[in-house]
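Starting from the structure of chain A, add chain B where the hints point.
Number of protein chains: 2
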Amino acid sequence: MADGSQIRIGVLSCTNIVRKVSRAINLAPNATISAIASSITNSIEETKSFVLSNNFPPTVKIHGSYESLLEDPDVDAIYFPIPASLHVEWAVRAAHKGKHILLDKPVALNVYEFDQIVEACEANGIQFMDGTQWIHNPRTAKIKEFLTDPVSFGLLKTVQSCFSFAANEDFLRNDIRVKPGLDGLGALGDAGWYTIQAALLANSSKLPNTVSALPGHVLNDAGIVLSCGALLDWEEGVTATIYCSFLANVTMEITAIGTKGTLRIHDFVIPFQETEASFTTSTRACLSEHKVRNEIPQEVCMVVEFARLVGEIKYRGAKPDGFWLSFSRKTQVIVDAVKESIDNNLEPVFLSGR
Amino acid sequence: MADGSQIRIGVLSCTNIVRKVSRAINLAPNATISAIASSITNSIEETKSFVLSNNFPPTVKIHGSYESLLEDPDVDAIYFPIPASLHVEWAVRAAHKGKHILLDKPVALNVYEFDQIVEACEANGIQFMDGTQWIHNPRTAKIKEFLTDPVSFGLLKTVQSCFSFAANEDFLRNDIRVKPGLDGLGALGDAGWYTIQAALLANSSKLPNTVSALPGHVLNDAGIVLSCGALLDWEEGVTATIYCSFLANVTMEITAIGTKGTLRIHDFVIPFQETEASFTTSTRACLSEHKVRNEIPQEVCMVVEFARLVGEIKYRGAKPDGFWLSFSRKTQVIVDAVKESIDNNLEPVFLSGR
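The listed protein sequences correspond, in order, to chains A and B.
All the letters of the first sequence, read from the start, carry residue numbers 1 to 354 under the UniProt record's numbering.
All the letters of the second sequence, read from the start, carry residue numbers 1 to 354 under the UniProt record's numbering.
Take the hints with a grain of salt, since some may be wrong.
Reference listing, derived: stretches of chain B covered by chain A, where coverage requires no fewer than 3 residues with Cβ under 8 angstroms from a Cβ of chain A [what the hints assert, rightly or not]:
hint: 1; stretch: 159 to 172
hint: 2; stretch: 210 to 217
hint: 3; stretch: 227 to 233
hint: 4; stretch: 241 to 250
hint: 5; stretch: 253 to 263
Hints are computed from structural coordinates only; laboratory data are not their basis.
We put the beta carbon where it would ideally sit given N, CA and C, even for glycine.
Just chain A, with the same shape it has in the complex (with noise of 0.2 angstroms):
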């Protein structure tokens, strides 16, 4: 593809997670970075030794400020590396300011703060996507299709699905995902949000009835969970559990069984390989391995995807496609009933209307 019609993105602040979207973004052959913000924590100087010693293009624009890179023309379509409580904020401006969305997960503190950004989004016809890479992997691809096919795995009755990491005393001390003012749901938002996705991939991206928070969870001293379990639950008998901790040892775990068929993974949120990722099928004893080999890292696919609905939008007049703003909601909606059934004596919680 001519560099002329690659989408540009401008990154907003240079944390850690910025080194690998921005190498992905490099490795994306219909995107480039335009554009970065340096912010009050990052100064102009950081920023440039920064943008040096990620091999941004060089002909990247550093602005001064979030704002002078929203009013950036060379700006399509902005990466939000920032915490889950500002996104409301820069999120709406960006859409207002015609710019395309790849927001981290959480993608908000709550589902009212994300509406404000879905209706920005859906005024404006800004593409959205939220920041989760493995939903990109080609693995997953296949994986939908045996949990879709009627003779292999029937129809789902259950998934489990788990991640965890056992964080440091000093990410559990710091890390923004363990602070109430940044970004505020701890495990549940971070590692749950990957195993929310996961159920609800298992699921035809269908909502439960029910959300109700399990018995054990831990929460640090400022009320930010550290481990949490779930139990969703549709229709009769189908029903789904997530387990996320940052305190267990690092498991990455789906396990869906149908009424034919059983699905396992061990690596679903960063496989264990970069460039090749396994998965174990069985339909009833008879066990497959299967092996789905992706020429470019997940991370990189995931920018791909979100950069080709872009250049539908801006160099074909198309719409932007609504299933990830729809994915995203669905899943923040159930991070928020994990959080409410918590704080509400793990009562279920009933979706309807949500």
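Chain B only, in chain A's frame:
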């Protein structure tokens, strides 16, 4: 071992499971089948033909009733392949006759019944064991080693265990496991029994503080559990979820996550291979696959261990090993609690004092 020192086992009736267990007794060097009882549903003629077609020793005595077998001085121990609703009566009678007891799960319809068996066993110096086979697979000992290793596994945070199989129409209509008068506890007393023991095993056989049934259980018209899940809760942040079902594809998983390591098994109830069983561990993100050879199938390991304990009592004046009575009782307490929670609008059941 000379024949004279073999433990002589009597079998109470001939049902399908007897084919597997009688083969196991035949293969166990320290046990032999000395007698079988026919019953109202099996005539003496039928029992004779069963004995012939299942390679029972030619010396086996055929009794016309359970009572007659209980009086047989050439029977040291009894295996009870009879519905759970009959366990309390016949196990108590057997204990009073000095017969050691190998009892299929669920060991009783509830713990109040089971406590009568406990009392009779303790009053008469009876060795008790429930017929759960996987616990005796040499793999299980290796799993326990990993789960109690402070360096590789650390402290348990959560264990998720699941046993399901898709029963056919005939099973769902006629099997004793779905009949209120017979086994009565449905998938919970059958598949669930295994998952509960897996959770106990991972928690050093400690009873949880509370047990809560999860939303989404399925009952048949007679109120028998066909599918359900439950959450077991120990001290802060240590939990287990179990899932058992007659309605989902055959799946037999244990995933245990500690502070430092993770254990995964995909065939814990019946290993994919009869003479080798595997499991996977990871410490941090470093994976290892373990294979454990067993020279004899796991059901034979069970009989060998049972006969060894009975032999210790019979030949060396040892006392019964109380672990198995206590382990079965804890399992039954949890089965009862899940049932009680289902009957009580999924309220958590506190196990203190049970």
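Hint-by-hint comparison with the structure:
| no. | hint | in the structure |
| --- | --- | --- |
| 1 | 159 to 172 | holds (count 4) |
| 2 | 210 to 217 | holds (count 6) |
| 3 | 227 to 233 | holds (count 4) |
| 4 | 241 to 250 | holds (count 7) |
| 5 | 253 to 263 | holds (count 8) |
Checked against the numbered hints given earlier, the structure satisfies every one of them.
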